[in-house]
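Q: Sequence:
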Amino acid sequence: MRIGLSSLLFLLTASCFVAGQQPVLPPDPSKLVIRPGGKGAESLGQEKVLGNKDGFLIIRPNGKGTTTTTQTTQVGEPQRPLPAPRTVPSTGLPAAPPPTITQADAKATKDGKIVFDYWFAVGVDGQRIGYVNWAAKEMQQQDKTFVVGLRYLNLTVSRFGQPVTQWGEESTVEGTAGDVLIATMRQGLGKDQALAITGVVEGKTLKIKGDGAAEGARDTPWPGDVVGLAREPQLFRELKLKPGETHTFLSYIPTVNRVLQSTITYEGEESRVLWANTPARKLHRFVTRPEPIGKVKLPASTTWVDAVTFEPLLLETDFPALGGRLVFLRSTREAAMAPVTRPVEVFNVQSIQLNREIPGIHSRASVVYKVTVTRDDEPETIFANESRQQVKNLDTPAKSFELHVAASHGPQATAPAEPAPGKEFTSSNFFINWDNDTVKALTAKALTGLADTATDWDRAVAIERWVKGNMKAFEFSQAMATSDNVAKTLSGDCTEYAMLAAAMARAAGIPSRTALGVVYAPGKDGKPFLAYHMWFEVFAGDQWVSLDATLGRGGIGPGHIKITDHSWHDERSFAPLLPVLRSLSAKPMIEVVKVTP
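According to my numbering, the stretch in the sequence shown is residues 991 to 1587, in order.
Treat the hints with care, as some may be off.
What the hints assert, rightly or not - In silico DSS-like cross-links for lysine-lysine, where the CA-CA straight-line distance does not exceed 25 Å:
#1 1194 / 1134
#2 1584 / 1382
#3 1478 / 1430
#4 1413 / 1430
#5 1517 / 1430
#6 1584 / 1360
Think of the hints as simulated: they come from the structure by calculation, not from any bench.
Just need the whole structure built from these sequences, with the hints factored in.
A: So this is what it looks like as structure tokens:
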């Protein structure tokens, strides 16, 4: 199963470092409306009313399944927190088992027939972080039978001592033969904003449909025989594998907009106690291994299913982004949705500790780091290798190398000219969307007072300074808000600073992109860290040069270590974050070797 896989990039958006204040938590999502006619997915606020949307499939992430609407329906109020249940000492997850673990006949409701409705409590090394609801319902529409599968994640972590709740959901509409017809995703991004995409299967292509800013999203190859969310948990029963036997299957991962192949292996039967004060159960153990995405190796997951019903009861997977083993334990709806009272501090588990402090690092000329990466086959490619940051003295047996990082405060007269950037670095896209009145107005304010002779670099520095002076770093609930949304709220973390600054640069006619990597962060105990971070780069003076609007220093120092960069052209997913996931999974060790004043 791939519950854990869906969570990997989902939580990466909470890893960005910037000093902040009290965060504002987002409201619970309401409903996702799938338009089978191909007009995309619609995000509805809790105060809105659905009216006369005949033939639309409405998926409710609160566990009430799906419905076909032919009349006005009022969106429900957000659910109130439920009392905390008892916990199992070995997992830290709710002790309450699900009300039934038998594969009963599908239950008929006015909206259709419930195929299954699974609730999982989620934890990392004994600490709860949220829940997952995975459900499927059979329904009729226009004399045709469909099965709609939905998976909704709601996870809470801590950033700098403040709780941050993030949510996301995905769904598939499937024919009775298991063929996927529609695939959707909705992911919370910024304040009152969600990324919603709908993919309609047309032959060998998943055609991504969308309205407004979501229009023109990149289609993805669809090889056929892709297993949807409604069918996936049924595989354990269908396959009838013997110990040691394997089976490969395809599934769609909407957070990266890709179809991936996974191999499932049946490892045998065992007995295990899953909940306190309950007897041991006979379970079948399956291991699912997804294929890599480029150089990013995705972790395997182990699923235990009931030996009689074949329903999934427990899933575990390595989760380096939270520093431990991610656990999904079946439970009741009430127990799974209990409030997270002690969230995991992501800064502690996602940061790289250094061996010594570097006072005034952002004013230094250069730093030489020794990097050791034992958990990756090509350690020298974990970090970018370019003019400002160079990999040297590779020790292949030890999987270590030196990383020479220099400060950058504008174009260098002696540096060779780089190739001119393409239109993907100047055009408006879903995330870096500058072609609107709000971003243009802010850009005009930032450039007020500059001389007509100001260079592109002068204007980029003015934009960096304006964003630094006008943004407020307290909206930690935002995941990856689009530039126009940030322009309205003027709040967020480093991703919002970078997205807005990059958009304003493009509005000023300057090619731009975002850079992802780590940045030096002082620790409370005197031991500094490298924390995951995003900044922006502009093409000025025939070179790509870096700026950081969270600092506003007219460039960056050697405390910024780059992993990758991206234009976000045609992106409606978090695929550009995959290199960061690779770095987190590799758990690099970094030491300071030499500091140049």
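Q: Would you mind marking each hint as holding or not holding in the structure?
A: To see whether the hints hold, each was checked on the structure:
1. 1194 / 1134: holds, 23 Å
2. 1584 / 1382: With a Cα-Cα distance of about 14 Å, the restraint between residue 1584 and residue 1382 holds, given a limit of 25 Å.
3. 1478 / 1430: With a Cα-Cα distance of about 12 Å, the restraint between residue 1478 and residue 1430 holds, given a limit of 25 Å.
4. 1413 / 1430: Distance ~19 Å between residue 1413 and residue 1430 Cα, so the pair holds.
5. 1517 / 1430: Between residue 1517 and residue 1430 the Cα gap is close to 42 Å, so the pair fails against 25 Å, i.e. violated.
6. 1584 / 1360: Judged against 25 Å, a Cα distance of about 9 Å means the pair holds.
Checked against the numbered hints given earlier, the structure breaks only hint 5 and satisfies all the rest.
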